[in-house]
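This is what each chain is made of:
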Amino acid sequence: MRAGFAAAFAIARKDLQTELRTRESLTASLSFSLVILVLFSFAFDLGREELYAISGGLLWLVYSFAGALIVNRSFARELPNDCLDVLVSSPAPGWAIFLGKTVAAFFLLLIVELVSLPFFGLFYNISWWQSPGTLLLVIFLATWGIAVVGVAFSAVTVNIRLRELMLPVLLYPMLIPLLLGAIGTTTALFTRDPEALKSMGSSIQLMIVFNLIYTSLSLYIVEFILIV
Amino acid sequence: MDPIAVANNLRFLFYGYTAGFLILLIFVLTLVSRGRKIDSELARLKALVEDKERPS
Amino acid sequence: MREKLTYALGILGTLVMLFNLNTIFGDLPDEAMQGTIFRIIFIHVPAAINADIFLFAALCASVAFLAKKNFLYDSISVACIEVATMLLLLNLVTGSIWGRNQWGIWWAWDLRMTSQLMCFLLYLGYLLVRPAIAEPTQRATMSAFISIFAFADVPLVLMAIRLPNVKTQHPGPVLETGNLAPVYQGPFALGILALFLLGTALVLVRLHQETSRREIDSLRRELHSF
Amino acid sequence: MHAVEAENVWKYFGDYPALRGASLQVNKGACLALLGRNGAGKTTLLRILANLSRPGKGEVRLLGLASHTPEARRRIGYLGHGIGVYDDLSAVENLILFGQLLNLDNPRETALNALERVGLSRVKDGLAREFSRGMRQRLAVARAFLHDPELLILDEPFTSLDDRAVAVLQKLLQDAQSRGATIIMSTHQIREAMELATDVALLERGKVAFAGPQTVVMLADPGWLYRNHGAPE
Numbered sequence: 001m002r003a004g005f006a007a008a009f010a011i012a013r014k015d016l017q018t019e020l021r022t023r024e025s026l027t028a029s030l031s032f033s034l035v036i037l038v039l040f041s042f043a044f045d046l047g048r049e050e051l052y053a054i055s056g057g058l059l060w061l062v063y064s065f066a067g068a069l070i071v072n073r074s075f076a077r078e079l080p081n082d083c084l085d086v087l088v089s090s091p092a093p094g095w096a097i098f099l100g101k102t103v104a105a106f107f108l109l110l111i112v113e114l115v116s117l118p119f120f121g122l123f124y125n126i127s128w129w130q131s132p133g134t135l136l137l138v139i140f141l142a143t144w145g146i147a148v149v150g151v152a153f154s155a156v157t158v159n160i161r162l163r164e165l166m167l168p169v170l171l172y173p174m175l176i177p178l179l180l181g182a183i184g185t186t187t188a189l190f191t192r193d194p195e196a197l198k199s200m201g202s203s204i205q206l207m208i209v210f211n212l213i214y215t216s217l218s219l220y221i222v223e224f225i226l227i228v
Numbered sequence: 229m230d231p232i233a234v235a236n237n238l239r240f241l242f243y244g245y246t247a248g249f250l251i252l253l254i255f256v257l258t259l260v261s262r263g264r265k266i267d268s269e270l271a272r273l274k275a276l277v278e279d280k281e282r283p284s
Numbered sequence: 285m286r287e288k289l290t291y292a293l294g295i296l297g298t299l300v301m302l303f304n305l306n307t308i309f310g311d312l313p314d315e316a317m318q319g320t321i322f323r324i325i326f327i328h329v330p331a332a333i334n335a336d337i338f339l340f341a342a343l344c345a346s347v348a349f350l351a352k353k354n355f356l357y358d359s360i361s362v363a364c365i366e367v368a369t370m371l372l373l374l375n376l377v378t379g380s381i382w383g384r385n386q387w388g389i390w391w392a393w394d395l396r397m398t399s400q401l402m403c404f405l406l407y408l409g410y411l412l413v414r415p416a417i418a419e420p421t422q423r424a425t426m427s428a429f430i431s432i433f434a435f436a437d438v439p440l441v442l443m444a445i446r447l448p449n450v451k452t453q454h455p456g457p458v459l460e461t462g463n464l465a466p467v468y469q470g471p472f473a474l475g476i477l478a479l480f481l482l483g484t485a486l487v488l489v490r491l492h493q494e495t496s497r498r499e500i501d502s503l504r505r506e507l508h509s510f
Numbered sequence: 511m512h513a514v515e516a517e518n519v520w521k522y523f524g525d526y527p528a529l530r531g532a533s534l535q536v537n538k539g540a541c542l543a544l545l546g547r548n549g550a551g552k553t554t555l556l557r558i559l560a561n562l563s564r565p566g567k568g569e570v571r572l573l574g575l576a577s578h579t580p581e582a583r584r585r586i587g588y589l590g591h592g593i594g595v596y597d598d599l600s601a602v603e604n605l606i607l608f609g610q611l612l613n614l615d616n617p618r619e620t621a622l623n624a625l626e627r628v629g630l631s632r633v634k635d636g637l638a639r640e641f642s643r644g645m646r647q648r649l650a651v652a653r654a655f656l657h658d659p660e661l662l663i664l665d666e667p668f669t670s671l672d673d674r675a676v677a678v679l680q681k682l683l684q685d686a687q688s689r690g691a692t693i694i695m696s697t698h699q700i701r702e703a704m705e706l707a708t709d710v711a712l713l714e715r716g717k718v719a720f721a722g723p724q725t726v727v728m729l730a731d732p733g734w735l736y737r738n739h740g741a742p743e
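Residue numbers (my numbering), protein chains in the order written: chain A, 1 to 228; chain F, 229 to 284; chain L, 285 to 510; chain W, 511 to 743.
Be aware that a few hints might be false.
Unchecked claim - Derived CB-CB ranges, DEER-like: (1) Val38(A) - Arg272(F): 52 to 58 Å; (2) Thr258(F) - Ser131(A): 51 to 57 Å; (3) Phe9(A) - Met511(W): 33 to 39 Å.
It should be emphasised that the hints constitute simulated quantities derived from the structure, not laboratory data. What you are looking at is a predicted structure, and each value in this text was computed from that prediction instead of being measured. No residue lacks a Cβ here, since even glycine has one placed at the ideal position from N, Cα and C.
Whole structure, please, built from the sequences with the hints as guidance.
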């Protein structure tokens, strides 16, 4: 168990290190999310009220697009030189490999999100900093969910044709419950609507349940898909 | 209920059942055509393998 | 034997369906509120119920495949999911037509419709990804994984769309609450049975095709090896 | 106790059996050359031994342990077709990472020692991406031998190596043999394999057609094995 966590930590550090060195998916994801933010501002011509009403949806649409780009690289990064074979044949258990990669994807996505958040506020004139603690909690929960399901599907799709297209096809429908929860809470936090703020608890509960189910399910099943 | 609504209802009922059975029918037809394709492919490959295993 | 069973199930299903249609259109009284259009529920609801039955069967088969690595389970899983996805589409389309008549709109983002659409999309993803995986063992393993993930998502979708800001228009459930008048119960049950028999026949057909396809895969390998 | 015991191993790709009841015993300290034509199942068998693939039927024990246990995997070294090092990590970072995965006590020191052994100390901080082909291969060899494994599983180790890497690999294999490690390597280049091998096994159509100690006859006439134990062409 302890050896597993050590291996997971080593893999997470390796993923972050190589990604920060090459910035392959990080720059792509970051610039993509900024482009979408700009595009949306052209697409919708909205008043202040309406903008606040869709703000949560807007933000999480951008984040989930960025997330797909990040997790797509997660297992694909192991393809050159057959590095995945070496990871799998090492004593590190499957769940440790998965956990390490998920933690790395989580932090990478978090970087993209935290950088693009001020731009979101700037472009759309939305005051997002009113309850930073709760917002951060929501971002943490939803980002973990995207990372877990995304990395799991990254492992599933790593060897298939049209990987870049197949991953979103699987990922987005699967993320709907999580995104619905995240959008609801985020909108409530931006609009400060007392009704919505009161009902935020059930959304957060839903996200926690989602994360618990998929984290445990993935950790348990991943051994079966890594070693076919 | 007024007669227009009744006629309307009947029309949509017809649409509903037609659409339902059409979906079933299309599914069955694609299944059949796919089955044919698979069968012919199987026969072709079996012949190829037999050809290969025959000592030449 | 298998072929006979398939035909028997198919014919039996069709007969039950025809008998049932005769009752539905011939003998049943109109429902007080909706008029004649209510008759759509005899195909709309059975489709949904049967879809859920087949999806559950696919889940069990997927778990069994991961545990036992027997390709029969993989074939059962894909056959069931394909039939279930077709039934979900049938359910969505008939529901949409009913909604156009009763609500005046084709689509409302309400609880049951949304959840059903998500369910449909999830399994559509499964069916799209499957052919993209070339190696049969890998294909079967990944498919089992996706099927388990998708099934776990369904209760969550149900929870998600019950969040306070989602409204509902769909009629309440008729089965659990006993709101279905006794005259309608017989045809309703027969509707479920008919689609179940037909669906099982289609699953059997699909199962046979999947076996042939595996044979094709192995013949191809045979040709390329040695 | 054998170093490797594979009992009636079957592996299916779909319905197609790539391995059809392959059984193999390798004594401790032996160096087995696994021969066979392309498609006979060499890579499949080695991948099962390295726990990269699960057998459909049958049982595999390595060093007396079930092959999928971390204890067994900690004691094997695997070198497959790919070199298995990260292009964007430096040589020493690569080896430290694998040392951590192997749960070594002192990954850094072990990594530096391993680089010394393959002659890469001077470029230890260079990224693997910037290495020449031969240097990358030596790094891969260092990775496989990092923890002085008791069992080495090498899939076609000599095929794409340059002269210097071959020399390094042969030196390391001899060292491993002298400290009592067991080696299994697949190859279809018989001459090369015979130099190091003590034992020979021949895979034909997913079955072990012959297994036994290497003899003078085989050394003198590499085609002998195929003619006498292989399936007809």
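Against the structure shown, which of the earlier numbered hints fail to hold, in ascending order?
Per hint list: zero violations.
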